[in-house]
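Chains Z and D, in that order, give the protein sequences.
Okay, so the first sequence: first residue is 2 according to my numbering, each after it adds one.
Okay, so the second sequence: first residue is 490 according to my numbering, each after it adds one.
Hints are supplied without guarantee of correctness; some may be wrong.
The list that follows gives simulated cross-link-like pairs (lysine-lysine, DSSO-like), each with its CA atoms no further than 27 Å apart [unchecked claim]:
#1 K546(D) / K104(Z)
#2 K104(Z) / K53(Z)
#3 K55(Z) / K70(Z)
#4 K567(D) / K531(D)
#5 K567(D) / K70(Z)
#6 K531(D) / K546(D)
#7 K4(Z) / K70(Z)
#8 K4(Z) / K53(Z)
#9 K4(Z) / K546(D)
#10 K70(Z) / K53(Z)
#11 K531(D) / K572(D)
#12 K572(D) / K104(Z)
#13 K4(Z) / K55(Z)
#14 K572(D) / K55(Z)
#15 K70(Z) / K104(Z)
#16 K104(Z) / K4(Z)
#17 K572(D) / K546(D)
#18 K572(D) / K4(Z)
Just so you know, the hints here were simulated from the structure itself, not pulled from any lab data.
In this text the structure is predicted, and so the values were computed from the model without any measurement.
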Amino acid sequence: LAKTTQPISMDSYEGQEVNITCSHNNIATNDYITWYQQFPSQGPRFIIQGYKTKVTNEVASLFIPADRKSSTLSLPRVSLSDTAVYYCLVGVPNSGYALNFGKGTSLLVTP
Amino acid sequence: EPEVTQTPSHQVTQMGQEVILRCVPISNHLYFYWYRQILGQKVEFLVSFYNNEISEKSEIFDDQFSVERPDGSNFTLKIRSTKLEDSAMYFCATPENNEQFFGPGTRLTVL
Numbered sequence: 002l003a004k005t006t007q008p009i010s011m012d013s014y015e016g017q018e019v020n021i022t023c024s025h026n027n028i029a030t031n032d033y034i035t036w037y038q039q040f041p042s043q044g045p046r047f048i049i050q051g052y053k054t055k056v057t058n059e060v061a062s063l064f065i066p067a068d069r070k071s072s073t074l075s076l077p078r079v080s081l082s083d084t085a086v087y088y089c090l091v092g093v094p095n096s097g098y099a100l101n102f103g104k105g106t107s108l109l110v111t112p
Numbered sequence: 490e491p492e493v494t495q496t497p498s499h500q501v502t503q504m505g506q507e508v509i510l511r512c513v514p515i516s517n518h519l520y521f522y523w524y525r526q527i528l529g530q531k532v533e534f535l536v537s538f539y540n541n542e543i544s545e546k547s548e549i550f551d552d553q554f555s556v557e558r559p560d561g562s563n564f565t566l567k568i569r570s571t572k573l574e575d576s577a578m579y580f581c582a583t584p585e586n587n588e589q590f591f592g593p594g595t596r597l598t599v600l
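The task is simple: from the sequences and hints, build the whole structure.
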């Protein structure tokens, strides 16, 4: 499994754009990059997934450079409710393998 | 959005007692997973269950743990003789499309 590295924590003010970068130097050809969000005392929740270039949904954008050795989760105009832990995972979707969570990035949004 | 439910939401038990945690995954799914998260730590994989058999397990999943599918819709995680260090949130999850849907978790407190 490809190892991922992301910042332990980040702080932001409401209304700002937040970019969380994840390094995955050993990503394999068939691997996708997936981000999950976790609020305290809740299970992780899927945010976005991509293979290359840019993916956007109603919640976030995911930027993946051509070499795929890193990725950036972009949260536009964060609100207080975006305070959570964000996990970057690398692997083959629906392969049957379990998700390998790292420590994630703890995002704190303040007024 | 598909729903995964877990019961109980909170379980308090004495050390050495047996506990059974229950999960109702997305219906008609053959795959499901159990994870745990000790307070302040990362989400850790315990076991995956496919078509009524364990397909993968972590080193955490030792002989005191077992999983079953007692009927067509429920899955259980049994801890035979609880230890203090088993205190954690326990999540079950099932895959749908390219993501895993997590239940709300059971908070297990071992005294």
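Quickly compare the C-alpha distance for K4(Z) and K546(D) to 27 Å and report which way the hint goes.
-> holds, 19 Å
Restraint status (C-alpha distance of K572(D) to K104(Z) at most 27 Å) = holds, 24 Å
Restraint status (C-alpha distance of K55(Z) to K70(Z) at most 27 Å) = At roughly 14 Å apart (the allowed maximum being 27 Å), K70(Z) and K55(Z) satisfy the hint.
Do the alpha carbons of K567(D) and K70(Z) lie within 27 Å of each other, as the hint requires?
-> The hint is violated at about 40 Å.
Regarding the pair K4(Z) and K70(Z), is the alpha-carbon distance no greater than 27 Å?
-> holds, 11 Å
Is K572(D) within 27 Å of K4(Z), Cα to Cα?
-> violated, 31 Å
Is the Cα-Cα distance between K572(D) and K55(Z) 27 Å or less?
-> Distance ~46 Å between K572(D) and K55(Z) Cα, so the pair is violated.
Pair hint K531(D) and K572(D), alpha-carbon separation not exceeding 27 Å | Within the cut-off at roughly 19 Å; holds.
Is the straight-line distance between the alpha-carbon of K104(Z) and that of K4(Z) 27 Å or less?
-> holds, 12 Å
27 Å limit on alpha-carbon distance, applied to hinted pair K104(Z) and K53(Z) | holds, 24 Å
Would you mind confirming whether the straight-line C-alpha gap from K546(D) to K104(Z) stays at or under 27 Å?
-> Holds. K546(D) to K104(Z) sits at ~20 Å (cutoff 27 Å).
For the pair supplied as a hint, K567(D) and K531(D), confirm whether the alpha-carbon distance does not exceed 27 Å.
-> holds, 21 Å
Violated hints for the displayed structure, listed by number in ascending order: 5, 14 and 18.
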